[in-house]
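**Student:** Assemble the whole structure, with the sequences as input and the hints as a guide.
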Amino acid sequence: IYVVKDDDEAMKLANDSHYGLGGAVFSQDIERAKRMASRIETGMVYINWLTDTAPELPFGGVKRSGFGRELSDLGIKEFVNQKLVVVHK
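Counting from 1, one number per residue, gives the positions in the sequence shown under UniProt numbering.
No wet-lab data here; the hints were simulated from the structure. Heads up, a few of these hints could be off.
When the alpha-carbon atoms are kept at most 20 angstroms apart in a straight line, the in silico DMTMM-like pairs for lysine to aspartate or glutamate are as follows [claimed, not checked]:
(1) Lys-63 <-> Asp-29
(2) Lys-34 <-> Asp-7
(3) Lys-34 <-> Asp-8
(4) Lys-63 <-> Asp-16
(5) Lys-63 <-> Asp-52
(6) Lys-12 <-> Asp-52
(7) Lys-12 <-> Glu-41
(8) Lys-5 <-> Asp-16
(9) Lys-63 <-> Glu-31
**Tutor:** In structure tokens:
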């Protein structure tokens, strides 16, 4: 547990990592927690809950925690090569 002076210091501490799989924000102020969650550099953020997974939720991280997502409909897209084809008439 770290004691910080404000949200900016908390975000600096949270994002000072080579990894970014998941994170959690615990707060009674849900709007503040949402703002903090949007600033955390991870693939998943849970508010008032531990980092978790379920088959219907995308799973994956950023930075050195991996590329792309697994599970859910986002996961299947990782196995597909999408291609743009343009035909000029």
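**Student:** Now tell me, hint by hint, if it's right for this structure.
**Tutor:** Hints, one by one, checked against the model:
Restraint check for Lys-63 and Asp-29: not satisfied, since their Cα atoms lie roughly 28 angstroms apart, outside the 20 angstroms limit. Of the pairs offered as hints, the one joining Lys-34 and Asp-7 holds, with about 12 angstroms between alpha carbons and a cut-off of 20 angstroms not exceeded. Distance hint between Lys-34 and Asp-8 is fulfilled; the C-alpha atoms sit about 14 angstroms from each other, no more than 20 angstroms. With a C-alpha separation of about 11 angstroms, the suggested pair Lys-63 and Asp-16 falls inside the 20 angstroms cut-off, and the hint holds.
Between Lys-63 and Asp-52, the direct Cα distance comes to roughly 19 angstroms. Compliance with the 20 angstroms bound is thereby established for this hinted pair. Between Lys-12 and Asp-52 the CA atoms are separated by roughly 23 angstroms; this puts the pair beyond 20 angstroms, and the hint is violated. Of the supplied pair hints, the one linking Lys-12 and Glu-41 holds, its CA atoms being roughly 10 angstroms apart against a limit of 20 angstroms. With a C-alpha separation of about 16 angstroms, the suggested pair Lys-5 and Asp-16 falls inside the 20 angstroms cut-off, and the hint holds.
Between Lys-63 and Glu-31, the direct Cα distance comes to roughly 26 angstroms. Violation of the 20 angstroms bound is thereby established for this hinted pair.
Figure legend: structure checked against the earlier numbered hints; hints not met, in rising order: 1, 6, 9.
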